[in-house]
Amino acid sequence: MTPPSPMTGGCQCGAVRFAAPALGRASICHCRMCQKAFGGYFGPLVAAPGLVWTRGAPAEFRSSNKVRRGFCAACGTPLTYQADDATVVDVALGALDRPEDVPPTVQLAVESRLSFFAALAGLPEERTGADPRDAPFQDGLVSYQHPDHDTATWPEPRSPADEI
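Residue numbers for the sequence shown follow full-length UniProt numbering, beginning at 1 and rising by one.
Accuracy of the hints is not assured; some may be wrong.
With beta-carbon atoms standing in for the labels, derived distance ranges [stated by the list, open to error]:
| id | residue 1 | residue 2 | range |
| --- | --- | --- | --- |
| 1 | 152 | 101 | 34 to 42 Å |
| 2 | 151 | 94 | 35 to 43 Å |
| 3 | 150 | 59 | 16 to 24 Å |
| 4 | 94 | 50 | 16 to 24 Å |
| 5 | 59 | 87 | 37 to 45 Å |
| 6 | 59 | 140 | 18 to 26 Å |
| 7 | 75 | 137 | 34 to 42 Å |
| 8 | 53 | 112 | 28 to 36 Å |
| 9 | 124 | 57 | 40 to 48 Å |
| 10 | 148 | 21 | 27 to 35 Å |
| 11 | 121 | 59 | 17 to 25 Å |
| 12 | 103 | 142 | 30 to 38 Å |
| 13 | 53 | 138 | 19 to 27 Å |
Keep in mind the hints are simulated off the structure, nothing from the lab.
The beta-carbon is built from N, C-alpha and C at its ideal position, and this holds for glycine as well.
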């Protein structure tokens, strides 16, 4: 399947949105810096030549003397990685509206890959709502996450008190 053009994406709350006319190499990076930056076992990234910000712009954190990482200042979603000498920004694969269209093609920094990583696919699986004990939590759950597509406006996030 050919990904749509442009590829769009953004943060969880919708304050920051982007578009890229094409995407380059998609990777997962196992370095400890990416693990920390994404709060996960790896950093999923894709080169996004021609990236434009269509709503807002990311805040930046300098994670080393040579790298800046962009994130949404409102919700904290990791969004970008850019080496100072790079001409192309990498965006977080999970921030794409259609991440399924862009599978990783390479693993980087494999010397830092966690020892149990290969076994993750073999763990027992559960679908959302499969455990009836979760029903009280799931019932009435209202997501404030921005939808996986561009919108004309970005509503301010609501508080749980607004739902009462």
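For each hint, the structure was consulted:
no.	hint	verdict
1	152 with 101: 34 to 42 Å	violated (24 Å)
2	151 with 94: 35 to 43 Å	violated (19 Å)
3	150 with 59: 16 to 24 Å	holds (21 Å)
4	94 with 50: 16 to 24 Å	holds (20 Å)
5	59 with 87: 37 to 45 Å	violated (22 Å)
6	59 with 140: 18 to 26 Å	violated (33 Å)
7	75 with 137: 34 to 42 Å	violated (21 Å)
8	53 with 112: 28 to 36 Å	holds (31 Å)
9	124 with 57: 40 to 48 Å	holds (41 Å)
10	148 with 21: 27 to 35 Å	violated (19 Å)
11	121 with 59: 17 to 25 Å	violated (34 Å)
12	103 with 142: 30 to 38 Å	holds (31 Å)
13	53 with 138: 19 to 27 Å	violated (35 Å)
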